[in-house]
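**Student:** Using the sequences plus the hints, can you model the full thing?
Count the sequence shown with this note's numbering and you get residues 5 to 481, in order.
Since the hints were made in silico from the structure, they are not lab data.
Because the structure is a prediction, the values reported are computed rather than measured.
C-beta atoms are modelled at their ideal positions from N, C-alpha and C, and glycine is treated no differently.
Be careful, since some hints might not be right.
Derived BS3-like pairs (lysine-lysine); straight-line CA-CA distance at most 30 Å [unchecked claim]: (1) Lys240 / Lys418; (2) Lys418 / Lys446; (3) Lys136 / Lys321; (4) Lys468 / Lys425; (5) Lys418 / Lys120; (6) Lys120 / Lys321; (7) Lys468 / Lys33; (8) Lys240 / Lys321; (9) Lys468 / Lys418; (10) Lys321 / Lys449; (11) Lys33 / Lys240; (12) Lys449 / Lys425; (13) Lys425 / Lys446; (14) Lys321 / Lys425; (15) Lys136 / Lys120; (16) Lys449 / Lys120; (17) Lys418 / Lys33; (18) Lys418 / Lys449; (19) Lys321 / Lys468; (20) Lys468 / Lys449; (21) Lys120 / Lys33; (22) Lys446 / Lys468; (23) Lys120 / Lys425.
Taking CB as the label site, the calculated pair distances span [what the hints assert, rightly or not]: (24) Ala273 / Leu199: 14 to 20 Å; (25) Ser114 / Ala398: 26 to 32 Å; (26) Gly272 / Pro88: 29 to 35 Å.
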Amino acid sequence: MRPSLLLPLLLVITTPAAAQGLQQQVEAKLAEAATGTRFGLVVTDAEGREVVAVNPDGRFMPASNTKMFTTAAAYAALAGLDRPDAAGGAAVRFEGEDVILEGNGDARMSSADDCKVDCLAMLADAVAARTKRVRSVIGDDTLFPDQRWSPGMSWNNIPSRSGTGISALTLDDNELAVEVTPGAIGAPPRAVAVLPYYRIDNRAVTVAGAGSRLGYDRAVNGMVLRITGTIGAEAKPETLRVGIDDPAHYAAWRLRSLLEARGVQVAGAVSTRHRAPMPEDDPAIRKDALAARPPALPALARLTPPPLAEDVTIINKVSQNLHAELLLRRLGLRRGSGSIADGMVEVRAMLDTAGVPRTSWDLSDGSGMSSYNRVAPRGTVTMLRWIAAQPWGAAWRASLPVAGVDGTLSRRFKDTALEGKLFAKTGTLNATNALSGYLIAKSGKTLTFSAFANDVPSDASATKFIDAALVLVAEAN
Numbered sequence: 005m006r007p008s009l010l011l012p013l014l015l016v017i018t019t020p021a022a023a024q025g026l027q028q029q030v031e032a033k034l035a036e037a038a039t040g041t042r043f044g045l046v047v048t049d050a051e052g053r054e055v056v057a058v059n060p061d062g063r064f065m066p067a068s069n070t071k072m073f074t075t076a077a078a079y080a081a082l083a084g085l086d087r088p089d090a091a092g093g094a095a096v097r098f099e100g101e102d103v104i105l106e107g108n109g110d111a112r113m114s115s116a117d118d119c120k121v122d123c124l125a126m127l128a129d130a131v132a133a134r135t136k137r138v139r140s141v142i143g144d145d146t147l148f149p150d151q152r153w154s155p156g157m158s159w160n161n162i163p164s165r166s167g168t169g170i171s172a173l174t175l176d177d178n179e180l181a182v183e184v185t186p187g188a189i190g191a192p193p194r195a196v197a198v199l200p201y202y203r204i205d206n207r208a209v210t211v212a213g214a215g216s217r218l219g220y221d222r223a224v225n226g227m228v229l230r231i232t233g234t235i236g237a238e239a240k241p242e243t244l245r246v247g248i249d250d251p252a253h254y255a256a257w258r259l260r261s262l263l264e265a266r267g268v269q270v271a272g273a274v275s276t277r278h279r280a281p282m283p284e285d286d287p288a289i290r291k292d293a294l295a296a297r298p299p300a301l302p303a304l305a306r307l308t309p310p311p312l313a314e315d316v317t318i319i320n321k322v323s324q325n326l327h328a329e330l331l332l333r334r335l336g337l338r339r340g341s342g343s344i345a346d347g348m349v350e351v352r353a354m355l356d357t358a359g360v361p362r363t364s365w366d367l368s369d370g371s372g373m374s375s376y377n378r379v380a381p382r383g384t385v386t387m388l389r390w391i392a393a394q395p396w397g398a399a400w401r402a403s404l405p406v407a408g409v410d411g412t413l414s415r416r417f418k419d420t421a422l423e424g425k426l427f428a429k430t431g432t433l434n435a436t437n438a439l440s441g442y443l444i445a446k447s448g449k450t451l452t453f454s455a456f457a458n459d460v461p462s463d464a465s466a467t468k469f470i471d472a473a474l475v476l477v478a479e480a481n
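**Tutor:** If you want it as C-alpha cells, here you go:
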C-alpha cells in the first residue's frame, strides 16, 4: 500500500474506535450506580452527530426536566415575554358592596411587608381609598378551571410547598411559613406560623442534641396542620414551608386582613369563586370556557407584574413547581379554557415543530411532579437542539442553572472541567434523577445532552454517576 493512502485509511479505522472507547467508558461509569438503576443518555456534537447513546429511545420519568418543555413552549407561543406582564396581574373590583379579588394567572403577587412590586397591599390601598366599609371579600380564580393538582401527582406531596394548589389567584407562592423553635428537653417546641391561616396541632417533642427530624401533615382542604417529630434543644429554629389547598381563599383572607389594617370594616365572610373543569377533550361538547365566565365590571385597580421571562428564569433556576404549572395554564388560554389539556396542546405544537417524535414523550403536567410523565433522551436532545436555533434560544438557555455557579446546580461539578461550562435543567423525584441541557467540551465546542436515571433505589442517588459520565464526555471532546 502506498504511504499516501495509509493515513486516510487509519483515520477511518481509528475514529470509530475512539468513539467506541468513550461509549464504553461512559457505560462503565453508569454501571457503578446502585443495582437496578436504569439509565438513558444521549450526547450530540454541534452537527447533531451522537457522541454517546445509552438507551436513547427508552422512556423515562423526567421529573423537573418537564419544566424545559413548559418554558420552551412559552417562548415559542407567547409574545412579549420580555415586557411587563400586563395581562396576568390580579385586580380588585366591586360588585355592589362586595370586593372581588380577581386572579389572572400571575405567579408572583406578594403580601410580604417588604414587597415593592406586584404587591397585594397596592390593591388594599385602592379599596381603602374608595370606602371604609365592605360586605364580603371574594377570591375569584375562574380564569382557569379548578384543577389544583395535575394527574399523576402523589397525594402525599399536597401538604408541602412542592404540591401546593394551583390557582389563577396566587399569593405568596401559595405557601405558608411555620417557624419551629426548640423548647426544654421533653417539652413541645414553639411552632408559630407567619400568618395564622392554619390552626397548628403541635405534637413535636424537643430532644437532646442539635439534630432535627420534624414532619407535618394536613388533610386535603383541611385547616389543621399537625406538626410531628423531634427537634434538638441545641438546634437552630427550623422553618417549615407548607402548601395551601385553596389559594383563592387564602388570597381573599389575606386581603381582608390588609383591609382591616387600613381601617376598612369587613362585615361579611371570605369566600371564593371557582370554575368547574369541563371535558374539553370531547369535541362534541367542547365550548369556549371563557365565555362562561361572568362579565367583569371595570377594575378599581390592577397590578402589572414583571415580565414573564423573569419568571421563566425563576422556574428553571430554582425549579419552581407552582410557577411552571401556572405557565402551562397560561399557555392553555390560547386554546380557550386555560386547562392542563389545552396547555399540553401548545406543548405538542412546539414539539411537532421541533421534529420530536410523538413516541418520545407523554406529559401530564407542567412541572414534573406527575408520575405519568415520560420522555426519551433522544427526543429531548432533538428539542434542545431546535431551541438553540430559535431567535429566543439564547434567552431561554440563560434561564438554565449553571454548573457550580447558581440555581439547582450551584453545588454540582465543582472543581471539574464543567464548572461554569454546563447549562442544564435538573430533575429529582422519587427514584428519579435527570439532567439535560448544553455543555462546553474541552475543545470549546458546545454539546447537547439529555440524561435520565429511573428506578434508583430509595437509599441511593444517581446524580454523581450522571455528572461523572458528562465530565468524561467533556474531556474527550
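**Student:** Checking against the hints above, which ones are violated?
**Tutor:** Going through the list in order, the structure violates hints 3, 5, 11, 16, 21 and 23 and respects the others.
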